[in-house]
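Asks: Residue-level listing of the chains:
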Amino acid sequence: MSDPVAQLVFLIVKAVAMPLIIITMVAFAIYFERKFAGFFQARVGPTYLGPWGSLQSFGDVLKLISKEDVIPLRSDKSVFKLAPYIAFVPAFLVMAVLPFGPVGGEPNLFGHRFDYVIANFDAGVVLFLAMGAIAVYGVVLAGWSSNSNYSLLGGLRAGAQMISYELAMGFSAAGVMVMAGSMSLVEIVDGQKGAFWEWYWIPQIVGAIIFFIASIAELNRTPFDMAEAEQELVAGYLTEYSGMRWGMFYLAEYVNMIVVSGIISTLYFGGWRAPFESWNVIPGPIWLFLKICVLIFIYMWIRWTIFRYRYNQLMSVGWKVLLPLSLANLAVTAVVVSVVG
Amino acid sequence: MSAARFVQPPRPAGSSTKRDRTAVRAATSLAPTLATAAAKLRRRFGARLLEEEESFGELTFVIAPGDWMRVLAFCKSAPDLGFDQLDCLMGDHLPERADTPFAVLAHLTSHTHAHRLRVKTFLPEGGSLPTVTGLWPSAGFDERETWEMFGVVFQGHPDLRRLLTAEDFEGFPLRKDFPLEGIVGGRVRTELRGKI
Amino acid sequence: MSDVIDSGTAQARDVDATPSDAPPRPTLEQLKERKARTRQRLETGGDIMTISMGPQHPSTHGVFQMVLDLDGEVIVDLRPEIGNLHRGVEKLCEHRTYHQIIPLTDRLDYNSAFAMNHGFCEAAEKLMGVEVPARARYIRTIAHELSRLANHILWLGVHIMDLGTQTFFVICFRDREYLLDLFEMLTGARLTHSFARIGGVAKDLPDGFEQRCRKVIEFLPKRIAEYERIVKHNRIYYKRAKDVGIFTSEDCYAWRVTGPTLRAAGVARDLRKDEPYAAYDEIDFEVAVEYNADVYDRFLVRMTEMRESCKIIRQCLDGLPDGPYVARDAAHSLPMKRDVLRDSAAMIQDFYQVFRGPQAPKGEVYRAVEVPKGEMGVYIRSEGGAKPARVRFTTPSFYHGQAMPALAVGEMVSDLVAIFASVDVVLGDSDK
Amino acid sequence: MTEKVLFVIFAVLAVAGGIAAVTRRNVVHGLLFLVFTFLNVAAIFFLTQAYFLAVVQIVVYAGAIMVLFVFVIMLLNLRTFEQEEQTHRRQRWLALALSVLVLAEFVIVLAGVTFTSARGGFTPEAIAEAGGGTKVFGEALFNNMLLPFEVASVVLLAAMVGAIILVKREKTAGGATRSWEPGEEPTPEAVEEEV
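Protein chains in written order, with this note's numbering: chain A, 1368 to 1708; chain B, 403 to 598; chain C, 4 to 435; chain D, 1158 to 1352.
Just chain A, same shape as in the assembly (with noise of 0.2 Å):
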């Protein structure tokens, strides 16, 4: 089997298992929730299906997906009916470039190099905000094709506070770009050679702080879940939706945690790279699942005790605050990196 071959087959393999892997966590991401949810409240959470309920979710798909599919009916039916796939897949692709382990370097597997990584190339930032540019598509098409109120106001809160929080994302990125003098996730990995205190967090720690605000108000998370506050808007978007559709929506909010939290955790705490160099003699995907789960949990654990923005107090904050606070954390990084080296 020659090298080109054997890439192409690892490709595959990559291809196929990466997404049945990131479904397989939703669902448990999803029991989880409840479970802390239930934590947090002085009660039980799901406890029926499977061990300590741990089953739900799976039960849960197969109730949505046999469920009656209400379609509006003075809505824009085509629209409706594609934006749940437009919010659905971008966060899959960004899995693409998100490495998991070591890549290039010696032959690894059966004689051929194993890259952890689907597709290396020098823009992977970018491209994980160019998709999360595209998901606002599909919440913003959700909410204007229910042809619902509550559906519009939720969508064009989701739409102006996602466009407004990926500026000060964006910009706490570029800090570590900066440093690591690539977009390549890969290459920033690589520049975090070394145990935790070498890591970006140290140096960006007001970049990696406010790249996880805005990653929250992305991610239409409490506090900054303007886009469905049951409160206010009863699902905003989602109002109009049922069935597998609205569940395409709500695992598409679990895959983008996912991503969201691969990315922190690959920009800012090492990626894959274990927290002492003695210790990476576990692998590195397990070191990127237990920083994933850790930043999963603390995204629960702020929706269940923190309480909601008002809307115009979150676009202050998006634009007051955290832009200038971002552009500065960019500019002192930018002059640091071009004096000392």
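It should be emphasised that the hints constitute simulated quantities derived from the structure, not laboratory data.
Keep in mind it's a predicted model, so treat the numbers as computed, not measured.
Ideal Cβ placement from N, Cα and C applies to all residues, glycine included.
Treat each hint with caution, since some may be false.
DEER-style ranges, computed between Cβ atoms [said to hold, decoys possible]: (1) Ala1382/A / Gln1206/D: 13 to 21 Å; (2) Arg1249/D / Arg238/C: 53 to 61 Å; (3) Ala1698/A / Lys225/C: 46 to 54 Å; (4) Glu453/B / Thr30/C: 40 to 48 Å; (5) Asp1436/A / Leu1204/D: 35 to 43 Å; (6) Asp501/B / Asn1679/A: 55 to 63 Å; (7) Ser1445/A / Leu1204/D: 25 to 33 Å; (8) Leu1422/A / Arg238/C: 38 to 46 Å; (9) Gln1248/D / Met1385/A: 46 to 54 Å; (10) Asp501/B / Gly132/C: 26 to 34 Å.
Below, computed lysine-lysine pairings styled on DSBU-like, alpha-carbon distance capped at 35 Å [stated by the list, open to error]: (11) Lys242/C / Lys225/C; (12) Lys1434/A / Lys1381/A; (13) Lys94/C / Lys578/B; (14) Lys276/C / Lys94/C; (15) Lys1292/D / Lys1687/A; (16) Lys235/C / Lys1687/A; (17) Lys1402/A / Lys235/C.
Start from chain A and add chains B, C and D according to the hints.
Replies: Frame of chain A, contents of chains B, C and D only:
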């Protein structure tokens, strides 16, 4: 006039709140401020106050429908009366009064003087009163309810629609001749939605 | 239940302890100016979008409907619509004896059912001239304050949930459970108690109630401190609630908005003090007052009220007199149950009351009491006999819902839910 | 070979999307097809290994600008658009003339270019040697073509300011009458006179 009340600090703790129970319970005589207010009303309107009744420590004046606005406006604006809150405006049906079977009652409260007054007027079938929403906006729902329950029209009310019953309900449910059971109107006539 | 309480997570920590450098109280003019500032948002013009918020909506607390005209997210006009829960209680009252009306009043404000029973009984007693014995007055005070606690805790959970935190709602429900357990022990029902009777209450305090009740009221202030720790100093809550939905004392008078909303506007108006009933004039407590007239201050007022309620209950338990729990008034009251089983006169009275009803004199009365949501007035006109000729419940929610346009126009949709929750509307109360 | 097949597929899709974009009556559908075209163009950039350019194409065109576009369309009433179509009847001929002109321009430019010359010295090997596509792109933009870049940004800024001024509305008082506003309060004098 409410400003005086507004800056009043909360009662200090422990200041004797224990009152003489018998005095409170008996409460047959009117509060002194209310006596002053009643005297002032009598002086102002004289014979226009058709009846005056004092029972259970409450004071009631019966006036003619034509004086409704005048008396209530005076009650609100005169400093000694100072009825700044309309506690409740309601209707009543007394079929035994053949000519004027409908009563409209206004319960007034004063935050300045902490006293209450009831003003009452009797109306014939199909009678109407001027609205007092200009004096107390809270009369809006009260007047709508009185209209839908008794059929008393309030002239000049900004939005006199049915309030509690369905918009296509027929009849005036709180009149004594309205049956307790059975179906009277109230069938869903969708073509009327938004028009009544 | 006791072990559950003891294992609670509450720490005895006094959170606020009024700071000595409290901010100066705003004057009425300053408040009006602040309110005018939100109204300025209206002057932007633009296209209007009309939304029907309710009758089925997560934060209208029932079937309240608000038709909103929005300019972007700013509310330009608001039309409240009620009546979706109308059950014709007033009409029913005209066909029931006074005793039979009491269960109907439960269904008005079902979150504080006893307060509603109590208000009606006070009015009926005023009409019939029934003297309530001391023990009954104290038991009524206890039950009334328990219902105030239950109502405010539920209010708090719902209010906070409307601002986006679902966890807090469950915490509040957990603590409301202790109060409902007490009610269950006291009255046999958790929600609709029908516990008050003309001239007293339905039953005496059951055995063990006092110890249990004391435990709960020892424990609740710690929980209230915990709520404050979570909510009062939360930055997002502060930003969402401060200077939102300003409603000055003048507005309150004009729209007949009473209760905590009025007290948050700096008016120390509390019928428990001003027109005392039950045992309130024999007990020391303070009226909670705040001065900024916004959502935040309404929260503070309710927190103080809950502490005061605990204080009142403790005093009532300490000074609980002996004696009958219902008036010995053969013409108007039901007899005590234990007498019915022993005494033929009491049995005759029981039959008489159940089958004929209390014989009220001719006349009309209006009696207002301070229920948790505000002032509830009961008007009764009697033409003699066992059934009233006209009953009118002047319920607080009716007016609070009506005042929504004056409260919320100029604010944003997100504030609307906070404001609507802050004035505390329950639809059973509003629609009658 | 694969590359060429893929190129043809994407190019056909892009052109089809472009045609659909201008022929749809529903403006939102038209815009969606335009986004589709942009995505296909981005895919073609991917094929030429211009990754950075492809991603930027998505971010800028498909992402930011189009979202704003969708916003504008949603907030305007679709019906007013159809009416405006009728009012601008005369501009049709002008538009036709202009489009012919632009097409001629394209043909002339493209006629003088071969694909090898269009690629210039930037072969994949040369780009890799120079430090990756992003670096090459940045150097071209900020060193060799700095002046045009800055001129373009100033022009865009001017357009932005103009748009803001156009959009900003005159201040109008909020709705004249509100349903809940109570009637006028009678003045004490009027009450006095009546008595």
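Asks: Taking the hints in turn, state whether each one holds.
Replies: Results of checking the hints against the structure:
1. Distance hint for Ala1382/A and Gln1206/D: a CB-CB separation of about 19 Å, consistent with the stated range 13 to 21 Å.
2. For Arg1249/D and Arg238/C, the hinted distance range of 53 to 61 Å is satisfied, since their beta carbons lie about 58 Å from each other.
3. Distance hint for Ala1698/A and Lys225/C: a CB-CB separation of about 50 Å, consistent with the stated range 46 to 54 Å.
4. About 43 Å separates the C-beta atoms of Glu453/B and Thr30/C, a value consistent with the hinted range of 40 to 48 Å.
5. Between Asp1436/A and Leu1204/D the CB atoms are about 37 Å apart, so this pair conforms to the stated range of 35 to 43 Å.
6. In this structure the hint that Asp501/B and Asn1679/A lie 55 to 63 Å apart at CB holds, the actual value being about 60 Å.
7. Take Ser1445/A and Leu1204/D: their Cβ atoms lie about 29 Å apart, and the range 25 to 33 Å holds.
8. Hint check: Leu1422/A to Arg238/C, Cβ distance near 40 Å, so the stated range 38 to 46 Å holds.
9. Look at Gln1248/D against Met1385/A: about 51 Å separates their beta carbons, and that is inside 46 to 54 Å.
10. Checked against the hint of 26 to 34 Å, the pair Asp501/B and Gly132/C passes, with Cβ atoms roughly 33 Å apart.
11. A hinted pair counts as satisfied when its Cα atoms are at most 35 Å apart, and Lys242/C with Lys225/C qualifies at roughly 25 Å.
12. Under the criterion of a C-alpha separation no larger than 35 Å, the hint pairing Lys1434/A with Lys1381/A is consistent with the structure, at around 33 Å.
13. Taking the CA atoms of Lys94/C and Lys578/B, the gap is about 9 Å. The hint holds against a cut of 35 Å.
14. In summary, the hint linking Lys276/C to Lys94/C is supported, as the alpha carbons are separated by about 32 Å, within the 35 Å threshold.
15. Simply put, Lys1292/D and Lys1687/A have alpha-carbon atoms about 31 Å apart, close enough for the 35 Å limit, and the pair holds.
16. With a C-alpha separation of about 25 Å, the suggested pair Lys235/C and Lys1687/A falls inside the 35 Å cut-off, and the hint holds.
17. Between the alpha carbons of Lys1402/A and Lys235/C the distance comes to roughly 28 Å, so the proposed pair stays at or under 35 Å and holds.
In terms of the numbered hints stated before, the structure departs from none.
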